[in-house]
Amino acid sequence: MGQTISEKIISNHVGKEVYAGELVISKVDGCMASDTTGPLTIKAFREMGGKKVFNPEKCALIIDHAAPSPNERIANLHKMMRDFAKEQGMRLFEIGEGICHQVMVENQYVKPGDIFIGADSHTPTYGALNAFACGVGSTDLAATMMTGKIWLKVPQTIQINCSGKLQDGVTAKDLILFLVGKVTVSGATYQAIEFTGEAFESLSLASRMTIANMSSEMGAKTGIVHPKGLALDYDFESITPDTDANYVKTFNFDVSDLEPQVSAPESPDNVHNISNYEGTKINYAFIGTCCNGRLEDLDVAAEILKGKKIHPDVRMVIAPASQSVLLDAISNGTMSTLIEAGASLITSGCGPCVGTHQGVPADGEVVISAANRNFRGRMGNPNSNIYLGAPSTVAASALEGQITNPKKYLL
Amino acid sequence: MAVQTNIRAKAHVYGDHIDTDRIIPGKYTKTLDLSTLANHVLEDLDPKFNKEVKPGDILVAGINFGCGSSREQAPLALKQSGVSVVIAKDFARIFFRNAINIGLPVLEIADHSIQKNALLDIDLKTGIVKDLTANITYTATKLPDIMIDILAEGGLVNYLTKNGTYTL
Ligand code: SF4
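Protein chains in written order, with this note's numbering: chain R, 1 to 411; chain W, 412 to 579.
Excised from the complex, chain R in its bound form (with noise of 0.2 Å):
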């Protein structure tokens, strides 16, 4: 019988052939905890008798939700991370490093065909890699830590195929809202997605991760992109499924029209074309995170920006996504074409994403934001609303002060 691509990982990793549906306890190849997520992981790791992490090689703390630390109780629960990983002997990725998923990445904890485990709902972005990569919560996090597994459900798959090439302006970004738009926030719930098809062959490894990114946004347990056409800096060895793989739905979309997409307060799904709510204001700017911190993301938007001023009632907010996505910034002149546009940069790492600190919107204020998730209070206030787009159509934004279709400036 044939096995979509999360089937054939599981089964390389139980080493026996198993398909949607069977309870599995699987080894996993590396693991990962962020500051939200780690002090309570190391509590649990104690509490459950754990001694030694299973490879310190493989498993990971990154300091990047609240980093610098704003205030004394988060700086004490740094310095429980960086005690441990001295301990443990694993690294530490300390605040700038950048975020965990684009560290994890970059410094390749991950792997295509990995079992790959982070306590962060967006740890699914490893699927851009062609590996199966699933979120968890603290306690999983220290069981996996200690034992090196985990137990899992195989997941059904559902199959998402876009034919047709982006129009240039449009980005992987607006292809993603487009498609959590269409599968809705709970329409992939406990299943795993393939993305397959012509739209996505093209692109880099870093448009991936952004597709690989809001499969969290469909509920999904994880999403995998289709290996054709990836290209990484290491030899490997893609999976791909057979052609007789089971999925329990398959979507055809033809994205060759698709326009930029934009997702409206308060519901990542609240997906329409840009069209709808051009002209909206703004008074914040933010690009950054998980989604949309990477290179090609900055690049975008300087070339949008470049001589010109962000509009005076509009602030910018850039946080590089690592460390290294900064250097590159800055030796290519993207960085200081913001800066000059007058946008401000923060340190690498999740920045406003989440609300905990640099730069909470104030009450009825509106963002426009490259991030992944606009729940009411995300960046902190609930009395504030926030707009999804490509970095793309941030920066054409922050240039008029109102939400702007970002092709003009590219095309």
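Check before you lean on any hint, since a few could be wrong.
Said to hold, decoys possible - Calculated Cβ distances over 10 Å to all of chain R for the following chain W residues:
1. Asn-450
2. Ile-547
3. Thr-550
Stated by the list, open to error - Dumping the calculated EDC-like pairs for lysine to aspartate or glutamate here, alpha-carbon to alpha-carbon at most 20 Å:
4. W/Lys-553 to R/Glu-22
5. W/Lys-438 to R/Glu-365
6. R/Lys-43 to W/Asp-444
Claimed, not checked - Residues from chain W that face chain R, not an exhaustive set, calculated with beta carbons under 8 Å:
7. Asp-430
8. Asp-455
9. Asn-475
10. Asp-501
11. Asn-509
12. Val-568
Treat the hints as calculated values from the structure; they're not laboratory data. Source: prediction; values computed, not measured. Ideal placement from N, C-alpha and C gives every residue a C-beta, glycine not left out.
For this one, chain R is given, so just place chain W with the ligand on it according to the hints.
Quick look at chain W with the ligand alone, frame taken from chain R:
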């Protein structure tokens, strides 16, 4: 540690797609202090909840309860506030696992029509939920065996302390 398997209490009822930011906003999650979590539970959804909830009360919701982040602080905040069990039409998967892992029972009842303040009688062993106010009986979806074992121990910490590793 055995968990209480018979519960009779009042239902606090909310709607669909209650995300983890609404269960406990991100700005309060960076703590190991459970009372801080309980003090802010559901505050952006219903600021009165935290004052009205009584130990043992039942939280009832619609579809996709707990969607969003992986923060285990969400079920911890609910448990600490006194909630004894969460019933929803269905759950987001990480929340579902987290709740079981910390020993907060969750029941999936796809077609419930439980109303605010209903008095419920729950048998966690059988998954039978009696709505005594509306006089309707529901049967919750059966949990995977491993989840039943984890819940029976009061959570994953106890389960692994006892067993050392996972067993099927
Ligand atoms: S950038 Fe935002 S979505 Fe990504 S891991 Fe950080 S807080 Fe979560």
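Hint compliance check: list the failing hint numbers for this structure, sorted ascending. Those not satisfied: there are none.
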